[in-house]
Amino acid sequence: MSKELEKLADLVYKCIRCGACRSVCPTFGEELSETVVARGRMALVEAVIDGRLDMGEAFENTIFGCAMCGACKANCPAGVDVPKVIEEARAVLAKEKGSQSLARYLARRSLKDKKAMDGAFAMMALGRAFYAPLAATPLAKFLPYQYKDMKRNLPKMPKRPLPKRVPEHSTVDNAKGRVVFYAGCVVNYVYPEIGETAVHVLNAAGYDVRIIRDELCCGKPLSSLGEMDAYRKLAEQVVAQLEVSEADAVLTACPTCALTLKEDYPKILPDSKGAAALSDKVEDVNRFLTKNTDILKGIEPIASTVTYHDPCHLNFGMGIKAEPREILKAATGGLVEMAGAEKCCGFGGSFSFLNYALSGRIASKKSGAAIATGADIVATACPGCMMHMRDGLKQAGGKQEVLHTLQIIEKALKK
Amino acid sequence: MDKDLINDLASILPEGSITAVEEELVCYGSDATRVFARPDVVVRPTDADSIPEVMIVAARHGMPVVPRGAGTGLSGGCVPIKGGIVVSTERLNRIKEIDTIDLVAVVEPGVVTQDIHEAAEAEGLFYPPDPASFKACTIGGNVAENAGGLRGLKYGVTRDYVLSLKVALPGGGVMVAGGRTLKNVTGYDMARLFVGSEGTLGFILEAALKLIPKPETKAAFLTAYDTLEHASEAVVSIVRSGVTPSTLEIMDRVTLDAVEAYRNTGNEVRHGALLLVEVDGSDVEVRRQADALDAVLGRTAPAELRRATDLAEQAALWAARRSALSALARVSPSVILEDATVPRKQIPAMVRAIEGIAKKYDLKIGTFGHAGDGNLHPTIITDLRIADNRKRVEAAVSDIFDAALALGGTLSGEHGIGLAKSSFMERELGRSGVAVMRAVKDAIDPRGLMNPGKMFL
Ligand SMILES: Cc1cc2nc3c(=O)[nH]c(=O)nc-3n(C[C@H](O)[C@H](O)[C@H](O)COP(=O)(O)OP(=O)(O)OC[C@H]3O[C@@H](n4cnc5c(N)ncnc54)[C@H](O)[C@@H]3O)c2cc1C
Numbered sequence: 001m002s003k004e005l006e007k008l009a010d011l012v013y014k015c016i017r018c019g020a021c022r023s024v025c026p027t028f029g030e031e032l033s034e035t036v037v038a039r040g041r042m043a044l045v046e047a048v049i050d051g052r053l054d055m056g057e058a059f060e061n062t063i064f065g066c067a068m069c070g071a072c073k074a075n076c077p078a079g080v081d082v083p084k085v086i087e088e089a090r091a092v093l094a095k096e097k098g099s100q101s102l103a104r105y106l107a108r109r110s111l112k113d114k115k116a117m118d119g120a121f122a123m124m125a126l127g128r129a130f131y132a133p134l135a136a137t138p139l140a141k142f143l144p145y146q147y148k149d150m151k152r153n154l155p156k157m158p159k160r161p162l163p164k165r166v167p168e169h170s171t172v173d174n175a176k177g178r179v180v181f182y183a184g185c186v187v188n189y190v191y192p193e194i195g196e197t198a199v200h201v202l203n204a205a206g207y208d209v210r211i212i213r214d215e216l217c218c219g220k221p222l223s224s225l226g227e228m229d230a231y232r233k234l235a236e237q238v239v240a241q242l243e244v245s246e247a248d249a250v251l252t253a254c255p256t257c258a259l260t261l262k263e264d265y266p267k268i269l270p271d272s273k274g275a276a277a278l279s280d281k282v283e284d285v286n287r288f289l290t291k292n293t294d295i296l297k298g299i300e301p302i303a304s305t306v307t308y309h310d311p312c313h314l315n316f317g318m319g320i321k322a323e324p325r326e327i328l329k330a331a332t333g334g335l336v337e338m339a340g341a342e343k344c345c346g347f348g349g350s351f352s353f354l355n356y357a358l359s360g361r362i363a364s365k366k367s368g369a370a371i372a373t374g375a376d377i378v379a380t381a382c383p384g385c386m387m388h389m390r391d392g393l394k395q396a397g398g399k400q401e402v403l404h405t406l407q408i409i410e411k412a413l414k415k
Numbered sequence: 001m002d003k004d005l006i007n008d009l010a011s012i013l014p015e016g017s018i019t020a021v022e023e024e025l026v027c028y029g030s031d032a033t034r035v036f037a038r039p040d041v042v043v044r045p046t047d048a049d050s051i052p053e054v055m056i057v058a059a060r061h062g063m064p065v066v067p068r069g070a071g072t073g074l075s076g077g078c079v080p081i082k083g084g085i086v087v088s089t090e091r092l093n094r095i096k097e098i099d100t101i102d103l104v105a106v107v108e109p110g111v112v113t114q115d116i117h118e119a120a121e122a123e124g125l126f127y128p129p130d131p132a133s134f135k136a137c138t139i140g141g142n143v144a145e146n147a148g149g150l151r152g153l154k155y156g157v158t159r160d161y162v163l164s165l166k167v168a169l170p171g172g173g174v175m176v177a178g179g180r181t182l183k184n185v186t187g188y189d190m191a192r193l194f195v196g197s198e199g200t201l202g203f204i205l206e207a208a209l210k211l212i213p214k215p216e217t218k219a220a221f222l223t224a225y226d227t228l229e230h231a232s233e234a235v236v237s238i239v240r241s242g243v244t245p246s247t248l249e250i251m252d253r254v255t256l257d258a259v260e261a262y263r264n265t266g267n268e269v270r271h272g273a274l275l276l277v278e279v280d281g282s283d284v285e286v287r288r289q290a291d292a293l294d295a296v297l298g299r300t301a302p303a304e305l306r307r308a309t310d311l312a313e314q315a316a317l318w319a320a321r322r323s324a325l326s327a328l329a330r331v332s333p334s335v336i337l338e339d340a341t342v343p344r345k346q347i348p349a350m351v352r353a354i355e356g357i358a359k360k361y362d363l364k365i366g367t368f369g370h371a372g373d374g375n376l377h378p379t380i381i382t383d384l385r386i387a388d389n390r391k392r393v394e395a396a397v398s399d400i401f402d403a404a405l406a407l408g409g410t411l412s413g414e415h416g417i418g419l420a421k422s423s424f425m426e427r428e429l430g431r432s433g434v435a436v437m438r439a440v441k442d443a444i445d446p447r448g449l450m451n452p453g454k455m456f457l
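So the sequence lines, in the order shown, correspond to chains A and B. To convert, note that position 72 of the first sequence is 72 in my numbering; the numbers rise steadily by one, no gaps. To convert, note that position 58 of the second sequence is 58 in my numbering; the numbers rise steadily by one, no gaps.
Don't read these hints as lab results, they were simulated from the structure. Treat the hints with care, as some may be off.
Stated by the list, open to error - Below, computed lysine-lysine pairings styled on DSSO-like, alpha-carbon distance capped at 27 Å:
(1) LYS359(B) <-> LYS14(A)
(2) LYS233(A) <-> LYS321(A)
(3) LYS73(A) <-> LYS364(B)
(4) LYS364(B) <-> LYS14(A)
(5) LYS96(B) <-> LYS365(A)
(6) LYS411(A) <-> LYS176(A)
(7) LYS391(B) <-> LYS14(A)
(8) LYS156(A) <-> LYS365(A)
(9) LYS267(A) <-> LYS84(A)
(10) LYS156(A) <-> LYS394(A)
Generate coordinates for the entire structure from the input sequences, incorporating the hints supplied.
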């Protein structure tokens, strides 16, 4: 039995096993097994705490097989903080059993500082260019795991990340205020065009925008792999980087980054005034644009119709549902809701790399729902979801374009 | 673990349907009572027809068979208290047919109740039974527990919608109880025997369910009272008035506070108790009933009386009510929910009795439930990890049963006897009552392999 897990006893004991999570858990929806639903995971952690179960391989698999979407927590009347239990359990597994050592090593090394990050993402780009053609051949099984899944369509990585595309400060005349745009790794390195769009749209809304040239990762990949010490260290650095007191707000286009900065940091750095101050300033860009600016008055709707996928960390994590829809209704030829818009797309960051087969099946269902709407565009507000939905749609034979809500605003801006 | 048993099961079931991995055994050993017992093996068939074969293997090995739906039961029904084979129906989740002329739904046992609602409603039809757990629980579990729900007052309970059941019997036989026609008097009413049998007689492989036309519209009222007793007296007035609400739910202050803590709507809980009342039917009917109800409710001297403005608000009210049990766990980690049910006119007396019992044993009790059916759910909120609490809870539960029986009621309205209430059976049924049930059990399952240790067994 693990002493470390014992501190979770009160958290897991709150689960009364009512099974409400069964109707919302994406992994359960696919596997229909009690071991891969929040209730089962809580029962397993409790059994380990009570000394009825050892932390064996199946335990590791179920704990690392959670997409961390937070649907269970948002729908738990008893208020069990499942993602927290899972995260802590992963940390214990990492420490005591050395779980996921390769993934953790890679994450620790590549997210250490800006130079390491630049290097790691450049390697990934190279890797993709080199491996992608092999992925469809029998040689695939020898590839590193992120390329092994032959079917997966990973994005082409751009040559120049965001800081090489936009200036540190993008200002406008008679600015209404100043904001920092925290891009996050996926926007920085994979979809820098979303960052460019963010700057453009925020400028159009009348705000000076600053990006952080040597921006660091928010650390979520570390915490979801149970690398809590490295995570905390990184979080402290990010807080220091973003201590830009002159900014009215720190905005993100990635809900996972927003949730991490806003909700997680104050918890893991309880004594840090900087973390608390940052938490107050962090805001999702959709909410900021709809609540604080008149941007929607300055647009002319595009003709295309659109359907919307709720990113889990935006919806379940921060309760932001209405704002992206408000944007889409104003900026497009019509919003057609898909069935189960709030269901996870199956990305879940490291989840999709460690469990691609399952994550792909979740995406395939989601893609089906998106296709069935007949809308021209699939919009979402998370670069991770975009990556996964593009893959899912392509495999499901969908022709729709997947865009970030910001990109749709940009298309609709009056010239 | 018995290698032969696993091998025999493996010879009849596809790969991936049998497991004896410790992690799985932990996950399939309890339900919403939190009572845990370790199964010997868990079987998750993908084809209902393989279940009779599982029964044959079980009989050969003298192994108990414990049916399991979603494990949302509140009486320990699917807990394998004597070990054995837990057979989970999770993957038997196909709706085979919705017949819009015969008004019948044919479903596999693992279909989630909500999916039946949706499939019926897509055809303009209605499957009324709606246990508060309907998003998770299965029809197999509903039939086996004769589940009720929020719409019981007007529409009845699961029993009233079961036309026929295909059942695997201990030893491997298969029978069809009942039939697809509304009228059917060929022999004993066997379908009713299996309804509420808690998995102790046979394994439900398929159910044909009666559907009815979907009511056109509905209207909902919310009334607040200063005390639970006052609210319970209002229930009697409503029922006496001749209006038959489709739903008539009650919640006390303790429950309301917990629900608000979960839903966080920002509405301050100001009153001692709340009634949620809904009428449904055709447009004209609803208008007439709503007016009548409005008048009746007005005369019950509520502290507040409000009509829900739209369907979205109504849905939010029901969602709030359905979260009651789980939300109470926010107050303290152990929730022991009782299900004692009394004739409707005795509800005020039962409420007084519960309040007396809470005082006597110094326990916090949150009471909510299907007041229109006389079905209250007094829920003791405590921490069972502390031994002294356990004792007081047991004594209080026993008193609650006595109070209900003294008022002409029953131990359980809808959650079943399972493990927790077995020792009280004789109090309600008498010796001969139990003896007849035992004779029925012996006739169908002479070796006692179906879900042993439950009810009176
Ligand atoms: C939050 C919450 C709210 C609830 N609200 C209500 C309510 O309003 N009304 C109500 O009546 N109940 C309610 N319940 C109790 C529970 O949901 C019901 O008893 C439900 O019918 C159980 O279904 P299940 O699929 O979870 O069955 P399980 O818990 O898995 O099993 C229940 C019993 O059915 C037997 N069984 C299951 N499948 C089969 C089968 N195919 N053949 C034979 N036997 C079988 C099992 O052996 C066991 O004895 C609630 C529970 C919770 C947690």
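Evaluation of the provided hints:
Between the alpha carbons of LYS359(B) and LYS14(A) the distance comes to roughly 25 Å, so the proposed pair stays at or under 27 Å and holds. A threshold of 27 Å between alpha carbons decides the hint, and for LYS233(A) with LYS321(A) the separation of about 32 Å lies outside it, so the pair is violated. This hinted pair checks out: LYS73(A) and LYS364(B) have alpha carbons roughly 26 Å apart, not beyond 27 Å. Proximity of LYS364(B) to LYS14(A) is assessed by CA-CA distance (about 17 Å); at most 27 Å being required, the pair is judged to hold.
Between the alpha carbons of LYS96(B) and LYS365(A) the distance comes to roughly 21 Å, so the proposed pair stays at or under 27 Å and holds. Distance hint between LYS411(A) and LYS176(A) is fulfilled; the C-alpha atoms sit about 23 Å from each other, no more than 27 Å. Proximity of LYS391(B) to LYS14(A) is assessed by CA-CA distance (about 21 Å); at most 27 Å being required, the pair is judged to hold. Between the alpha carbons of LYS156(A) and LYS365(A) the distance comes to roughly 24 Å, so the proposed pair stays at or under 27 Å and holds.
For the hint pairing LYS267(A) with LYS84(A), the CA-to-CA distance comes to about 11 Å; that is within 27 Å, so the pair holds. Of the supplied pair hints, the one linking LYS156(A) and LYS394(A) holds, its CA atoms being roughly 15 Å apart against a limit of 27 Å.
Hint 2 from the earlier list is the only one contradicted by this structure; the remaining hints agree with it.
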